[in-house]
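Participant: Here is what each chain is made of, one letter per residue.
Number of protein chains: 2
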Amino acid sequence: MSVTAAQGFTASGVAAGIKENGNPDLALVVNTGPRLAAAAVFTSNRVKAAPVLWSEQVIKGGQVSAVVLNSGGANACTGPLGFQDTHATAEKVADVLGHSAGEVVVASTGLIGVRLPMDAVLSGVDKAADALSAHGGEKAAIAIKTTDTVHKTAVATSPAGWTVGGMAKGAGMLAPGLATMLVVLTTDADLDAPGLDTALRAATRTTFDRIDSDGCMSTNDMVLLMASGACGVTPDAAEFAEAVRAVCADLARQLIGDAEGASKDIRIEVVGAATEDDAVEVGRSIARNNLLKCAIHGEDPNWGRVLSAIGTTSAAFEPDQLNVAINGVWVCKNGSVGEDRELVDMRYREVRITADLSAGSESAVIWANDLTADYVHENSAYSS
Amino acid sequence: MSVTAAQGFTASGVAAGIKENGNPDLALVVNTGPRLAAAAVFTSNRVKAAPVLWSEQVIKGGQVSAVVLNSGGANACTGPLGFQDTHATAEKVADVLGHSAGEVVVASTGLIGVRLPMDAVLSGVDKAADALSAHGGEKAAIAIKTTDTVHKTAVATSPAGWTVGGMAKGAGMLAPGLATMLVVLTTDADLDAPGLDTALRAATRTTFDRIDSDGCMSTNDMVLLMASGACGVTPDAAEFAEAVRAVCADLARQLIGDAEGASKDIRIEVVGAATEDDAVEVGRSIARNNLLKCAIHGEDPNWGRVLSAIGTTSAAFEPDQLNVAINGVWVCKNGSVGEDRELVDMRYREVRITADLSAGSESAVIWANDLTADYVHENSAYSS
Numbered sequence: 001m002s003v004t005a006a007q008g009f010t011a012s013g014v015a016a017g018i019k020e021n022g023n024p025d026l027a028l029v030v031n032t033g034p035r036l037a038a039a040a041v042f043t044s045n046r047v048k049a050a051p052v053l054w055s056e057q058v059i060k061g062g063q064v065s066a067v068v069l070n071s072g073g074a075n076a077c078t079g080p081l082g083f084q085d086t087h088a089t090a091e092k093v094a095d096v097l098g099h100s101a102g103e104v105v106v107a108s109t110g111l112i113g114v115r116l117p118m119d120a121v122l123s124g125v126d127k128a129a130d131a132l133s134a135h136g137g138e139k140a141a142i143a144i145k146t147t148d149t150v151h152k153t154a155v156a157t158s159p160a161g162w163t164v165g166g167m168a169k170g171a172g173m174l175a176p177g178l179a180t181m182l183v184v185l186t187t188d189a190d191l192d193a194p195g196l197d198t199a200l201r202a203a204t205r206t207t208f209d210r211i212d213s214d215g216c217m218s219t220n221d222m223v224l225l226m227a228s229g230a231c232g233v234t235p236d237a238a239e240f241a242e243a244v245r246a247v248c249a250d251l252a253r254q255l256i257g258d259a260e261g262a263s264k265d266i267r268i269e270v271v272g273a274a275t276e277d278d279a280v281e282v283g284r285s286i287a288r289n290n291l292l293k294c295a296i297h298g299e300d301p302n303w304g305r306v307l308s309a310i311g312t313t314s315a316a317f318e319p320d321q322l323n324v325a326i327n328g329v330w331v332c333k334n335g336s337v338g339e340d341r342e343l344v345d346m347r348y349r350e351v352r353i354t355a356d357l358s359a360g361s362e363s364a365v366i367w368a369n370d371l372t373a374d375y376v377h378e379n380s381a382y383s384s
Numbered sequence: 001m002s003v004t005a006a007q008g009f010t011a012s013g014v015a016a017g018i019k020e021n022g023n024p025d026l027a028l029v030v031n032t033g034p035r036l037a038a039a040a041v042f043t044s045n046r047v048k049a050a051p052v053l054w055s056e057q058v059i060k061g062g063q064v065s066a067v068v069l070n071s072g073g074a075n076a077c078t079g080p081l082g083f084q085d086t087h088a089t090a091e092k093v094a095d096v097l098g099h100s101a102g103e104v105v106v107a108s109t110g111l112i113g114v115r116l117p118m119d120a121v122l123s124g125v126d127k128a129a130d131a132l133s134a135h136g137g138e139k140a141a142i143a144i145k146t147t148d149t150v151h152k153t154a155v156a157t158s159p160a161g162w163t164v165g166g167m168a169k170g171a172g173m174l175a176p177g178l179a180t181m182l183v184v185l186t187t188d189a190d191l192d193a194p195g196l197d198t199a200l201r202a203a204t205r206t207t208f209d210r211i212d213s214d215g216c217m218s219t220n221d222m223v224l225l226m227a228s229g230a231c232g233v234t235p236d237a238a239e240f241a242e243a244v245r246a247v248c249a250d251l252a253r254q255l256i257g258d259a260e261g262a263s264k265d266i267r268i269e270v271v272g273a274a275t276e277d278d279a280v281e282v283g284r285s286i287a288r289n290n291l292l293k294c295a296i297h298g299e300d301p302n303w304g305r306v307l308s309a310i311g312t313t314s315a316a317f318e319p320d321q322l323n324v325a326i327n328g329v330w331v332c333k334n335g336s337v338g339e340d341r342e343l344v345d346m347r348y349r350e351v352r353i354t355a356d357l358s359a360g361s362e363s364a365v366i367w368a369n370d371l372t373a374d375y376v377h378e379n380s381a382y383s384s
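So the sequence lines, in the order shown, correspond to chains A and B.
Take the first sequence: its position 226, counted from the start at 1, is 226 in our numbering, and no numbers get skipped.
Take the second sequence: its position 221, counted from the start at 1, is 221 in our numbering, and no numbers get skipped.
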């Protein structure tokens, strides 16, 4: 499982002392080759953390030998000194592993606007390097948790012999343009950086970019895919892309399932759209509607709030042709009252909303979650 | 005060039996002339309630003799039958008052997707007509409350002799493009419909359009301004516009102050923007950031969440030139750590956030509120 499911990778997770509570907080994933190909996507937030700015440069070379990830601090909005901290971390990893710092991706997550305790980070790199193991994937996944209640891993294996595995963290600030999440995927398939990039972008577009826990976009998001080529097989491009998509979808679903304070996972499917962009715009608008998210929390099939959210978009539709189903019951037909809302059973964690725009044949699925008092409690006390 | 502060208006508020709890739920405001000029702005939500669709047609004539408002039901997403209900309500008011239905504005607020109990509405119109009084403004303001904890009124009087008064309701679903709010303004100044329209649009643009309680846009918003001309004075256009703006600003501030579950009112001022549109876009992005709203609730000066919200906009700025003050303390300078966050005193209800984009000289103020467990409780139980 995790990032060491594929051959050609070692990993570790250690308690470096970055988190005050002594929990694991530093992970290292090393590509032992023979190939060092990599691709990545980053947050589209214009305020980018130092590790994002650094890693964007690294990934341009298409070659990554290692990624070092820390929880306990985002190293975002920390200015030139924060960037120096990221640089020093990459140099330290390069030094310990005998690689070039220009091939070391750095990722951080935690509170924005606070410098990292660099003594802890640098000694933690030594500790993590000592602990590297071909079975270290789980420990790495545990060390990148922040408010996550569980660590998240996934794997897909091809009959052709190659494997795609990965780990993710993230529980809040999940919104399109990615999320407060770090994801590392590894594969032992033999692929070059452009091939990885194509598969990764196709996968994230319909997975991580289509979850929305709270409408908030992070400064630190990163999804990294590294290929070791260790299994010696060059995969069929379509099969590989589907495997990457499946692992991303699995991890994305785990992120929503562990969203801060959530009691419901909401699957929003927009159908009958004129374009896929319309479907995504409508799905996101529904996903971000606080009033609807509260109603779902209260197990109230309040379809009026779905319609009011749709009405704020620029998608093609006529208000009197909108249909909405909640858990399969078409409570809104032709923009008005449909089947009896009492028929909707909302006892279970997963809630399905289907919005039919009656304007075409395109569709999209967005995953979201409800808004709860627990979310408020967790996020009003985070940094204090 | 309220809609009867100006001469030439009578009003009433009664319990018509639309609300199950027996509270006042139907208000009538009548222009007794000599003029019947009027202007209005409506929600920009594309899913519009029946009374909005009706009243948009009425206002095109520039002449309004009365407005009937009900709480206890929004009459939104109720299809052709819901529109017939609105029409029947206007006909009833016209019949009772001896006016034309084409001069009767109808406004509704409450739950979406439920038909109004028309027996109660129509008998309520009789009751309200009987209760009309030149001192009925307060009662009208009380009858339009939904989740409002207080009724909202405001007034401005010119030394030239004319008065602008008004009432408002709204506590949730407040967002630009207006809000779940109904506002009726009256004046005894002698002005025609185009003159009223100019003043009203200028006023709402910088007041009701710049409050945001929860990012949710209503299907029912309406701001109506009626002029009776009863004081016989044609006002100076600029002075009148300022008076309308002042009354709108006062009412808008009251709406935010009574927002559902809120414990903090947040004044977000964006300065140093290249354009006013940039300032508004950034202000709204900050206003809608759930994580920041939770932090403010927890009295946590979490400026990182301000920066992450700014980073999602398309406004002109450089990340390393952003400055943020909370209650006057510049906790973020040049996109990084500024003054000590411990210096920020957040004990009081009003919280001031200043975001300096360092990109020009334009500015805008957006009012918002915090996100609380009480908001979640209130909105997860609203219709059940």
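Heads up, some of the hints might be wrong.
[What the hints assert, rightly or not] In the DSBU-like style, the derived pairs of lysine-lysine whose C-alpha atoms are separated by at most 35 Å in a straight line are:
1) K264(A) x K264(B)
2) K333(A) x K264(A)
3) K333(B) x K264(B)
4) K333(A) x K264(B)
5) K127(B) x K60(B)
6) K60(A) x K264(B)
7) K127(A) x K60(A)
These aren't lab readings, by the way, just hints derived from the structure by calculation.
Participant: Just pull the numbers of the violated hints for me, sorted ascending.
Facilitator: 4, 6
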